[in-house]
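Novice: Chains W and S, in that order, are what the protein sequence lines are. Counting in our numbering, the first sequence runs from 37 upward without gaps. Counting in our numbering, the second sequence runs from 37 upward without gaps.
Derived by calculation from the structure, the hints in this document are not laboratory data. Some clues are possibly wrong.
For chains that are exact copies, the list does not tell them apart, and a pair is met inside one copy or across any two.
[Said to hold, decoys possible] For lysine-lysine, the following BS3-like pairs were computed, each having C-alpha atoms within a straight-line distance of at most 27 angstroms:
#1 211 - 267
#2 228 - 51
#3 211 - 246
#4 51 - 221
#5 111 - 211
#6 225 - 137
#7 246 - 139
#8 246 - 221
#9 195 - 246
#10 246 - 106
#11 211 - 106
#12 137 - 221
#13 51 - 267
#14 106 - 221
#15 267 - 106
#16 106 - 195
#17 228 - 111
Number of protein chains: 2
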Amino acid sequence: MYFCRSETSCMSSNKPLILITNDDGITAPGIRALIEVMNKLGEVYVVAPSSPQSGMGHAITINDTLYCDKVVIDKNAPQVEYSCSGTPADCVKLATREILKRKPDLCVSGINHGSNSSINVIYSGTMSAAIEAGTTGIPSIGFSLLDYSMEADFGPVKKFVKIIVRQALQNGMPKGVVLNVNFPKLAEKDIKGIKVCRQANAHWIENFDKRTNPLGRDYYWLTGEFINEDKGEDTDEWALQQGYVAVVPVQFDLTAYHAITDINSWDL
Amino acid sequence: MYFCRSETSCMSSNKPLILITNDDGITAPGIRALIEVMNKLGEVYVVAPSSPQSGMGHAITINDTLYCDKVVIDKNAPQVEYSCSGTPADCVKLATREILKRKPDLCVSGINHGSNSSINVIYSGTMSAAIEAGTTGIPSIGFSLLDYSMEADFGPVKKFVKIIVRQALQNGMPKGVVLNVNFPKLAEKDIKGIKVCRQANAHWIENFDKRTNPLGRDYYWLTGEFINEDKGEDTDEWALQQGYVAVVPVQFDLTAYHAITDINSWDL
């Protein structure tokens, strides 16, 4: 039997150190499901937003203060948890620089309530947390379920989370790459398997809902329609529609290398 | 002489329709400089945040209302301007769906007060606005000056903004690509020219400034150090250090195509 006298000594155990965050907030069912699975695979630290941060993209807090307090949400579970006033990217920065005593072996983000497939990756707080960790060389994975409901059932996807995380811990991650994993909303028996995909070429067409406030001033609610123009059978959207778990390797070197020659032909 | 009886008829002129936004807010000197240059090249609509949005990444407003009001900031200038309560990406969505009567010929964002080179592209509200427009097929460019000061001098870079925008209007933009343009903080005579580059492989190491509030609760300010590990002479960081304007073609298909084979070799 092994006793930890402090968090520092605890972290010197042989278990992989796993950092968990999300963008739906620390009490969201999706992150609780992810914590449950990760507790079986490693020593778990949770540093997650105190409130929902959906659609926050890669926002960081540079003009405001950040609070980050140790909390106990589940008295009977082994993980150590911190609730942070900032964005998902802030959580990763705080965790790696202020809370964890060593570099984590893995960062997992999610499980998001709702899709982060195709172009949604650029708006996603879940994926930004994974990317943030990736920029400092931490193997990282964002998980999302195609069900926006707070009552979403994460049971069917736990098996696949475990498979993917085990493989990531075993194989490591290619340099400069993090994984964007999306799960179809299906019973476990109906999920056909896991496909490695490319990001579908899709975009949103917004439909703003224009209203007038009680003082007579117009305002808008952002709503929109997701348009997938990509007919390819190697995309995340295709895989999800076919009942597969979609895994897209995502990079944060945004250089469009193929366009350098094009732009060099301009008269600059 | 041509008279506009309405904004709709005005937009049927032969001038290119140029949408301008930024992340420092609609009154920032950087966007005022950009408006001045763009007024010489096309018909200008400004839809920009009412308050500073630095570090907002690709955040969008999905759990709150958006206000977007017509404003007059410079009575003697021809542009039409709207001040928006949301993020830079919100501004582009509102502009293209609610304000402009046709798709703009170009979207320009900035000129940002501070660098958006290398990894900063992922945190940048300026670049997210350009990318947002790019996802709907609008040729887009983000401009940034390596001077965070609100008293930054944008005079030396106006000539280069004009050269790049003229070329973009003439040549169009490669599909799925937007430009990330960073200017060194130099006198015009000391700027050596324009280089098309790749994004340097760099990252931030945060140094959180931990303080205690008057009620005894700890909080943090995010500060950090920029670490450029990339010794390449084809990067944006190299070009800027050498006194060049750095132009990086940026893509929003984040798929790490080179890693698909790697991940496919995992036991998934």
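Novice: Determine for every hint whether it applies to the structure shown.
Specialist: Now for the hints, and whether the structure bears them out:
Only between protomers do residue 211 and residue 267 lie at most 27 angstroms apart by alpha-carbon distance; the minimum there is 17 angstroms, versus 30 angstroms within a single protomer. Within a single copy, residue 228 and residue 51 get their C-alpha atoms no closer than 31 angstroms, and across copies no closer than 54 angstroms, so neither meets the 27 angstroms cut-off. Taking the closest pair of Cα atoms, residue 211 and residue 246 never come within 27 angstroms of each other, the shortest separation being 45 angstroms inside a single copy and 32 angstroms across copies. Taking the shortest Cα distances, residue 51 and residue 221 never come within 27 angstroms of each other, neither inside one copy (31 angstroms) nor across copies (49 angstroms).
For the homomeric pair residue 111 and residue 211, neither the shortest alpha-carbon distance inside one copy (37 angstroms) nor that between copies (52 angstroms) is at most 27 angstroms. When the C-alpha separation of residue 225 and residue 137 is checked against a cutoff of 27 angstroms, the pair qualifies neither within a copy, at 41 angstroms, nor between copies, at 49 angstroms. Taking identical chains as interchangeable, the C-alpha atoms of residue 246 and residue 139 lie at most 27 angstroms apart only when they sit on different chains, with a minimum of 20 angstroms there against 47 angstroms within one chain. Taking identical chains as interchangeable, the C-alpha atoms of residue 246 and residue 221 are never at most 27 angstroms apart, the minima being 32 angstroms within one chain and 42 angstroms between chains.
Taking identical chains as interchangeable, the C-alpha atoms of residue 195 and residue 246 are never at most 27 angstroms apart, the minima being 43 angstroms within one chain and 40 angstroms between chains. For the homomeric pair residue 246 and residue 106, the shortest alpha-carbon distance between copies (15 angstroms) is at most 27 angstroms, but the shortest distance inside one copy (41 angstroms) is not. Taking CA atoms no more than 27 angstroms apart as the test, residue 211 paired with residue 106 passes in neither setting, with 32 angstroms inside one copy and 47 angstroms between copies. Taking identical chains as interchangeable, the C-alpha atoms of residue 137 and residue 221 are never at most 27 angstroms apart, the minima being 37 angstroms within one chain and 39 angstroms between chains.
Taking the shortest alpha-carbon separations for residue 51 and residue 267, neither the intra-copy value of 43 angstroms nor the inter-copy value of 36 angstroms comes in at or below 27 angstroms. Taking identical chains as interchangeable, the C-alpha atoms of residue 106 and residue 221 are never at most 27 angstroms apart, the minima being 33 angstroms within one chain and 43 angstroms between chains. Proximity of residue 267 and residue 106 under a CA criterion of 27 angstroms is satisfied in neither setting, with 47 angstroms inside one chain copy and 40 angstroms between copies. In this assembly of identical chains, residue 106 and residue 195 lie within 27 angstroms of each other by CA distance neither inside one copy nor across copies; the values are 29 angstroms within and 53 angstroms between.
Taking the shortest Cα distances, residue 228 and residue 111 never come within 27 angstroms of each other, neither inside one copy (36 angstroms) nor across copies (62 angstroms).
Hint violations for this structure: numbers 2, 3, 4, 5, 6, 8, 9, 11, 12, 13, 14, 15, 16 and 17, all remaining hints satisfied.
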